[in-house]
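Heads up: the sequence lines are chains X and L, in that order. Just so you know, numbering that gives the first Met the number 0 puts 89 at position 90 of the first sequence, and the rest follows in order with no gaps. Just so you know, numbering that gives the first Met the number 0 puts 125 at position 126 of the second sequence, and the rest follows in order with no gaps.
Misleading hints may appear alongside valid ones.
[Said to hold, decoys possible] Per label pair, the in silico range of CB-to-CB distance: (1) X:N28 to L:G39: 50 to 58 Å; (2) X:R261 to L:W142: 38 to 46 Å; (3) X:V131 to L:G41: 30 to 38 Å; (4) L:S180 to X:N85: 51 to 59 Å; (5) X:H25 to L:G39: 51 to 59 Å.
Read the hints as simulated data drawn from the structure, not as lab findings. As the structure is a computational prediction, the values presented were derived from the model and not from experiment. Note that beta-carbon positions come from the ideal geometry of N, C-alpha and C, so glycine has one too.
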Amino acid sequence: MTEPAPDFTSTLLELAEPLPLDCGKHLENARIAYETYGILSPDKDNAVLICHATTGDQHVASPHPITGKPGWWDRMVGPGKPIDTNRFYVICPNVLGSCMGTSGPASAAPDGAVYAMRFPVITIRDMVRAHVALLDALGVERLHCVIGGSMGGMQALSLAAHWPERTLRVMAIAATAAMPAQNIAFQEVGRQAIMADPNWQGGAYYGTGKAPDAGLAVARMAAHITYLSEETLGEKFGRRLQDREAKSFGFDADFQVESYLRYQGAAFTERFDANSYLYITRAMSYFDLAEDHGDAEHVGRLADALAPAKHVRFCLVSFDTDWLYPTIESRKIAHALNAAGAPVSFVELSAPFGHDSFLLDVPALDQVMTGFLQR
Amino acid sequence: MAHTPLRPDLAVIAANVTSGARVLDVGCGDGALLAALRDGQGCDARGMEIDAANVAACVGLGLSVIQGDADTDLAIYPDASFDYAILSQTLQTTHRPDLVLDQLLRIGRKAFVSFPNFAHWRVRMSLLWNGRMPVTRLLPVAWYETPNIHHLSVADFREHVRTRGIKVEQAWFLSGDKSCSDAAANFRAEHAVFLISR
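Please take these sequences and the hints and turn them into a complete structure.
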């Protein structure tokens with residue numbers, strides 16, 4: 000993506016007050032793009048906040064304005080679906096640092112020029128601070144539930160730990176309380192691919208007609224592998240060749256899996272800003288819910304971080320084939336919540352799709368979601 | 000909320016838990032006892048369950064249940080964090096029942112433990128006359144696929160708690176849904192329920 004994001008159909012909230020950030024700076028004129036579904040009850044007690052993952056957006060149950068594809072959680076959110084919009088008022092904001100209308104590196108700074116790398120480095124808690132500002136603007140004092148998968152789960156946990164009075168329930172799926180080293184490592188590979196692309200130009204590529212699409216595509220290819228399971232890759236592609244009878248003895252995409260990844264990488268550059276990718280993955284690698292309470296390896300300390308949320312009901316879900324945010328990460332959170340005395344449920348569901356399982360057809364997840372939201 | 004009648008040993012436990020108590024049901028299955036304790040007695044009722052489908056069903060009832068294994072995952076609970084720890088029909092399925100009992104009494108101030116009595120006369124008869132591992136109403140599964148790997152009798156349990164200095168606060172013995180006397184329990188009881196403490 001070479002130009003700043005155009006104005007999409009989403010509703011925009013412009014914050015009147017500067018948004019304080021963890022890095023010590025403030026973000027002036029911060030804008031939050033969001034979608035809502037359903038109707039807020041007169042008592043304002045039926046609001047559900049859905050937090051999207053790394054490269055997700057606010058179009059949780061409505062078509063994506065660029066790709067035209069259905070919302071990323073269309074199977075979960077809607078009338079009569081597990082997150083039932085006949086009953087709940089669903090709010091889904093685009094996260095801070097992203098490129099779908101919310102302030103990010105591709106937005107204009109107060110001086111009128113694009114931020115690019117002048118955009119402050121943000122954290123998961125900063126994203127949640129923006130969500131809370133949105134809740135304030137919508138008049139929602141307390142959520143029925145905050146829900147998120149992957150990075151969305153981190154936001155949900157952060158909201159519970161830092162703004163525990165703002166929600167009654169937390170549903171964190173395939174999440175972690177602290178980014179594991181392996182995930183930091185993968186994301187560093189992605190960022191280095193972007194920054195090694197000469198078209199990145201120190202991040203100041205907006206308006207130059209050249210963007211680090213090659214680097215961003217490689218970052219996406221590497222990340223995409225981590226979202227799938229070995230089983231999925233094996234079943235979907237195996238060692239099958241792409242549109243050819245024999246190996247080419249060259250470096251074309253001989254294998255189907257190579258062709259698939261190249262397609263995924265290229266398609267991603269159509270809808271995502273490379274600098275946003277840098278900022279959002281940075282926020283994730285900085286994420287450690289317990290960092291103010293000692294180190295996250297120590298369950299007692301994570302329990303301290305979550306202690307303010309001990310009246311909040313938690314539900315944690317992991318998937319047996321997810322090697323990016325494996326079950327042990329959810330289990331650590333469950334243990335800490337137990338130690339904090341919070342009511343917590345935890346279940347590892349069996350699904351073949353790796354980390355992406357939370358987005359795909361896993362009926363057991365629907366059952367858990369429906370039940371957890373019910374009462 | 001209407002509940003289907005509880006299994007007899009669970010009904011005994013439910014009737015003897017104080018209202019409003021903090022309760023952990025280890026091996027809580029589909030959550031029937033937890034739901035009854037929450038809705039009938041206002042208990043803060045939580046569970047641990049090994050089977051994912053059961054955990055999902057419990058979450059569907061609005062219960063707080065953690066997927067875990069009684070043999071390995073009880074260590075995560077702080078000392079004395081519950082008024083009662085409950086282990087119903089699960090002791091005989093654990094790898095180390097003795098250690099599980101220790102954990103129960105660490106986590107709960109008191110513990111309810113229920114188990115099928117392997118010295119019930121039908122079981123004895125089956126073994127004596129047929130020379131076969133018994134398959135009865137309460138132990139319906141053949142030897143090679145039963146989850147019950149540590150069968151015990153009422154007498155075994157009494158002996159165990161005595162040597163470990165565990166106090167029996169109360170005990171109930173059931174044959175079907177009828178109770179039977181203490182003295183004849185090891186012969187006549189199909190089920191035993193013990194309330195124990197340190």
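Now the hints, each set against the structure:
1. At roughly 56 Å, the beta-carbon separation of N28 of chain X and G39 of chain L lies within the given 50 to 58 Å, and the hint holds.
2. Look at R261 of chain X against W142 of chain L: about 56 Å separates their beta carbons, and that is not inside 38 to 46 Å.
3. As the Cβ distance of V131 of chain X to G41 of chain L is approximately 33 Å, the hint placing it in 30 to 38 Å holds.
4. For S180 of chain L paired with N85 of chain X, a C-beta distance near 57 Å keeps the hint of 51 to 59 Å intact.
5. Against the hinted window of 51 to 59 Å, the Cβ-Cβ separation of H25 of chain X and G39 of chain L comes to about 53 Å, which satisfies the hint.
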